[in-house]
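Put the complex together from the two separate chains, hints included.
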Amino acid sequence: MFESKSGILLIGGLFFFGIAFVSNAVVPVLMYQEQPTPVDGLINGNLRYQFEDLAARYPEAFQAAYGDPPTDIAEQDAWLNEKCAEALLLGRKIYVGEGCWHCHSQFIRPVSNEEARWGPVSKQEEYQNELQMPVMFGTRRVGPDLSREGGRRSNDWHAVHFFRPPDLSPGSPMPDYAWFFDGSPDRPNQRGLAIITYVQWLGSWLESYPMYEQYEPPPEIKEAEEDE
Amino acid sequence: MSEAEKQDGTAIEPPLVETQLVCWYFYAALAFMTIAMLAGLLMALQLVRWNPLNGMELLSPGRWRMLHTNAIAYGFLANAFLGALHWSVPRLTLKPVQSRWLSYTIFAAWQAVVLATAVGILIGQAQGLEWGETPVWIDPVAQFGLLLVAINFMTPIFQVKGPMYVTLWYFLAAFVWTFMTYAMGNFIPQYFVAGTSAGAVGGLFIHDLVGLFVTPLGWGLMYYFVPILLQKPIWSHGLSLVGFWGLAFFYPLNGIHHFLYTPIPMFLQYGAIMSTVAVELVVTTVVINFFGTLKGAGRQIVTNLPIRYFYTGMVFYFLTCLQCAMQTTLTFQQVIHFTDWVVGHAHLVMFGVFSLWLFGIMTYLFPRLLGVDWYSRTLCEWHYWLSAVGVLVMVGDLTLAGLFQGYFWASLQPWDASVDASIPFWILRVFAGLVMFAGQLVFLYNLRKTVQLAKTQPA
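Taken in sequence, the protein lines are chains A and B.
Residue 225 in our numbering sits at position 225 of the first sequence, with consecutive numbering throughout.
Residue 1290 in our numbering sits at position 290 of the second sequence, with consecutive numbering throughout.
Chain B with its partners taken away, still in its complex shape (with noise of 0.2 Å):
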């Protein structure tokens, strides 16, 4: 019999956070990571047609191209995110989630969707919907999957009394959005709206899956770990109150702005543009709130991995956010619709500001989760540089690129002089990408050295 046990003679709390589970979902994350990295290196070998696996038709790199961005939304960000959200919501509560049972089904049920939409994209059956290229017969699985996750992580949020702290706000909203999110996206514009309204739908998707799923879910985890990293609360707020119902008002409304010049009505895209230009107002509000946080701590960028990680993610958020006010103007959209510098956009936003938060959760939490230290800080520091410096040179790259194919096709020049002219750019990209990569193996080994250190001390 236990300590507790023995006390009060009531059986033993099951653990308040499962940290095996944690383990389990950072590592299938990094796992898919890692394939989402070598799916992205096989299209960019491609476009500068140095790919040895050409006219092989299960590593065609345009199945790959569909599982790279697959792999990143439901594989890496959603394990990743299921990991950091089993840490931190029973921690925020002080509720365990709503059973272990449940918790464990929905990680063997999530792995078996995210692995068959894989299985299904190489062998052809891809669903035609960005992002959600999922084939059709796994959408109600990975449905009913989401509604599991919301009632796992819900009850416990229920239990809390009186008003919850900023993270629980974004959580909250975030399971009833994503849920909505995939059912509008991957159902309507397949059975029930046809052509420029589904392009509307398939638009909206796209968005909201990038803004009421990975952004809340992201932001909430920042508004959790900071303050606990720096020891300090947030700095104010009021603005906390302002960048949470200013994103859950704006952000939604953005959809259209990735089909601007199609044949959707033009007062919407006007209406679009006009949110996306508000959401960068929200977007300040947040970025001001959480380096005012750091004022006083400022050392901490050069000292705290994690939370150089989680500011250089933020300077990265508030460059994507500025470029996005910018590029949804009809103007910018001339030239760089089409374009590389969208790539670019996507990079920054997926790999240099999620990825990179992630990755920062993970340095901070796999020294609490195996019980030992990293096994080489060094190789922490390595991954960082790499990661940042990489997608770095890769979104510059690729923005650059963007802006001259634009020039290139508005100025009427042969097609083929505007893929001559990416052909520097996408070398270029090549080598931004496998420095990337370079630092996921330096994680991954230092990672494994960590794992067997903590197998050979003593608990």
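If we strip away everything but chain A, and leave its shape as in the complex, we get (with noise of 0.2 Å):
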């Protein structure tokens, strides 16, 4: 049975593939059963906030990649959710297809001292959503986790920071992302807003939203403060 044909495939091959199969991903699948939540169904009044913010910031950007917004007010809402939803779709394509999930996390441990750096450890329900398909855990991180960074800097912050990394965080061994602008980091095209988008969606349900790191000042600012 051991070394027969039939025992390998059927044993080893089935049988032993499908007991793991059931262990570590059927079991799982049973326990989260319920449907993903879809696109248009993740946008919050945080993410709409910044989503108008690059509207309003950089107009002509947004006109050449949304066109002009409907003049009536009720229908005006419909069709920011919509484009809102468009660009986080885009965003997180954007997101799997340049790595940036190679160097960036999305999952608080409970575990080194990750929540007082990065806020609440993750949750099942935050990833039931179908911009988690396939999920962006992610296995290394080269840089900051992301998975609370919605709302921590703004929106001119990340173009400046995707055009060319180092000018805002000396040091950072980010490559720069020229090709999110039409040549400056005030003209993001398409792709830029869509990656500033889904950025700024990362978090954006939380209580705790926007999440800062805890901040404590070296001991000597401290003292100096205590002088004044």
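Just so you know, the hints here were simulated from the structure itself, not pulled from any lab data.
Ideal Cβ placement from N, Cα and C applies to all residues, glycine included.
Check each hint, because a few of them may be wrong.
Said to hold, decoys possible - The calculated lysine to any residue pairs, modelled on SDA-like cross-linking and capped at a C-alpha distance of 25 Å, are:
1) K93(A) - L1053(B)
2) K1161(B) - F2(A)
3) K5(A) - M1154(B)
4) K1095(B) - M1(A)
5) K123(A) - L30(A)
6) K5(A) - L1330(B)
7) K83(A) - Y209(A)
8) K5(A) - M1180(B)
9) K123(A) - L1330(B)
What the hints assert, rightly or not - Which chain A residues face chain B? A few, computed with CB under 8 Å, are given here:
10) F21
11) Y32
12) P36
13) S105
14) Q128
15) W179
16) P219
17) I221
Stated by the list, open to error - So the derived label-pair ranges between C-beta atoms look like this:
18) N81(A) - L1059(B): 30 to 38 Å
19) F1158(B) - Q33(A): 39 to 47 Å
20) P1414(B) - D72(A): 47 to 55 Å
21) P166(A) - A1410(B): 48 to 56 Å
This is the structure we're talking about:
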């Protein structure tokens, strides 16, 4: 049995693979059965604020990418939501295609003081949506975790940073993403608007939004402040 | 009319081994290895901020980083394995593969798949699945290709009467496993499940790709080539059985250990951790078996270059798995997850073990395929030493870097401090990579000269 073709094919090839598939894949799938939230269900006030800020800050780029909004206020709201969902989807495609997820994780672990640095530990329901198919946990952190990045920095900060990261983060090993722009950081193109929207979405659903690192001034500054 | 036809009046049997095809697979493998190394070099230069090509879309280090891992998996490993399979399966079963025509079709189709993957990734269409970044529109083609590969090689294996040799257990299982693993990983988390469960499936995919595609083919080839080169049988048949069935049972159970401390339920994480430790015990039996085989022939490590490649790989394999059993524990995970430690581990197993084995196989086979001895044995030695020392330095360097990064992060120093602390390690890594690349260039040069020799020599 252990050296025969049928034994190897049926027991090793199929049965053992099956056990592993059931225990490592089917069990979590059955535990988390709720339908993944579609993209248009992911738009919240925080994200809309950032999206409208992009529209106000880069009107020409925004118009080139999404056209003119309807004049009717009620229609405008629906239109902005629709365009925001579009930007999120494209933004995720860029995040995957550029390999962002190979240097930036999207999950906060309950260990190693990560809660103090990045914010609340990641929960299962945060990932149950269509922008996490496949999930963007990531396996390496060359740069910071991004799962609570939304709202921490302004849209124009992100634009300049994507254009040439070391200008804002001296010593950063992140490459330039000049192709998100038409020549200068104040002229993001459709891809630039989309990736900024995607990054601003991360963590926008949380109570703690926007999440800032706990900042403790170094002892000498603390002393100086106390003396004053 | 040839001698064979004159004697029994039947048509000439097709040759058992299609040597030309084996050569072609090896050339393709080496071409993709060169590309993969250049891609890795680009990313390494970016990390130390020496990248002269920064800001060019098609040369984006993020995209080339994905090309790096995929070119190794599907370009180098798959091609080199297919070449070695085309040599070893017909010789073990004494039957040619299913069809010569099919073999060449698969060769062409597979190169098309790998090239399309590379182009797809470079134009920004990667899929969000680690080691499965193949753009989604290529996945079904690759899946079909794997099916054809299985049919082509399983036909001669099924014609074997009675019990099979160890190598064929591994191969037979690997054809089934690779097909299922590819289907599971590329389609389920993309189209059917989201979030945490997609992570569990993705973890299982990365893990099975190593454990159920690369590992069984690699060990199967070792069970074939080592006894032939040492001219003695494997030390213990019983241990071979333990090794194969232990791998078959425990290896696939480990998938979730790639995502510890995620929202995947803790009891599943514990299960994956325990079976990972079990794998280390199984691996130990296999390594003991091979060193038992070497007993009394130890001098061959010095004199026989392919044997040295194989046993160096086995020592690295043992180290990798020992590292695995430790780093999978939750205690180690706190520090080393997300750091360069893991990158070092990946290089140790993919380059230090499987690439060295395949280089050993190529070093042994090329003279037999081309009909001439190597142009220079000294250059073969150089290839060995540059590759082995290069990867050892890189892995040691990245492992240390990982520990530093982990402790920098846990101690809540500013993020930039951990990046600055990594720079010296990353610089050393560039040079270790250059050493490995130099080894590759030496091998390519030597191979080119050998092919020229073969052409000038009368058959």
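Against the structure, the hints:
1. As the CA atoms of K93(A) and L1053(B) are separated by approximately 24 Å, the hinted pair is consistent with the 25 Å bound.
2. In summary, the hint linking K1161(B) to F2(A) is supported, as the alpha carbons are separated by about 15 Å, within the 25 Å threshold.
3. Note on K5(A) and M1154(B): the hinted pairing holds, with a Cα-Cα distance of about 10 Å set against a maximum of 25 Å.
4. Distance hint between K1095(B) and M1(A) is fulfilled; the C-alpha atoms sit about 23 Å from each other, no more than 25 Å.
5. Of the supplied pair hints, the one linking K123(A) and L30(A) holds, its CA atoms being roughly 17 Å apart against a limit of 25 Å.
6. Restraint check: the Cα-Cα separation between K5(A) and L1330(B) comes to about 39 Å, which exceeds 25 Å; the hinted pair is violated.
7. Taking the CA atoms of K83(A) and Y209(A), the gap is near 23 Å; set against the 25 Å cutoff, the hint holds.
8. The hinted pair formed by K5(A) and M1180(B) meets the criterion: a straight-line CA distance of about 18 Å does not exceed 25 Å.
9. This hinted pair checks out: K123(A) and L1330(B) have alpha carbons roughly 19 Å apart, not beyond 25 Å.
10. At its closest, the beta carbon of F21(A) sits 7 Å from a beta carbon of chain B; the interface hint therefore holds under the 8 Å criterion.
11. Evaluation of the Y32(A) hint against chain B yields a held restraint, the C-beta minimum of about 5 Å falling below 8 Å.
12. Because the closest C-beta pair between P36(A) and chain B is about 4 Å apart, less than 8 Å, the hint holds.
13. Contact between S105(A) and chain B, as hinted, is supported at the beta carbon level, the nearest pair being about 6 Å apart and thus within 8 Å.
14. A distance limit of 8 Å between C-beta atoms decides the matter here; for Q128(A) the minimum to chain B is near 5 Å, and the interface restraint holds.
15. With its C-beta approaching chain B no nearer than about 4 Å, W179(A) sits inside the 8 Å limit, and its interface hint holds.
16. Annotation: interface hint on P219(A) violated; nearest CB of chain B at approximately 14 Å, more than 8 Å.
17. Annotation: I221(A) was flagged as interfacial toward chain B, and the flag is violated, the nearest CB pair being 14 Å apart, outside 8 Å.
18. For the pair N81(A) and L1059(B), the supplied restraint of 30 to 38 Å holds, since their beta-carbon distance comes to about 37 Å.
19. Between F1158(B) and Q33(A) the C-beta distance comes to about 40 Å, which sits within the given range of 39 to 47 Å.
20. The supplied range of 47 to 55 Å is met by P1414(B) and D72(A), whose beta-carbon atoms lie about 49 Å from each other.
21. For the hinted restraint 48 to 56 Å between P166(A) and A1410(B), the CB-CB distance of approximately 26 Å leaves it violated.
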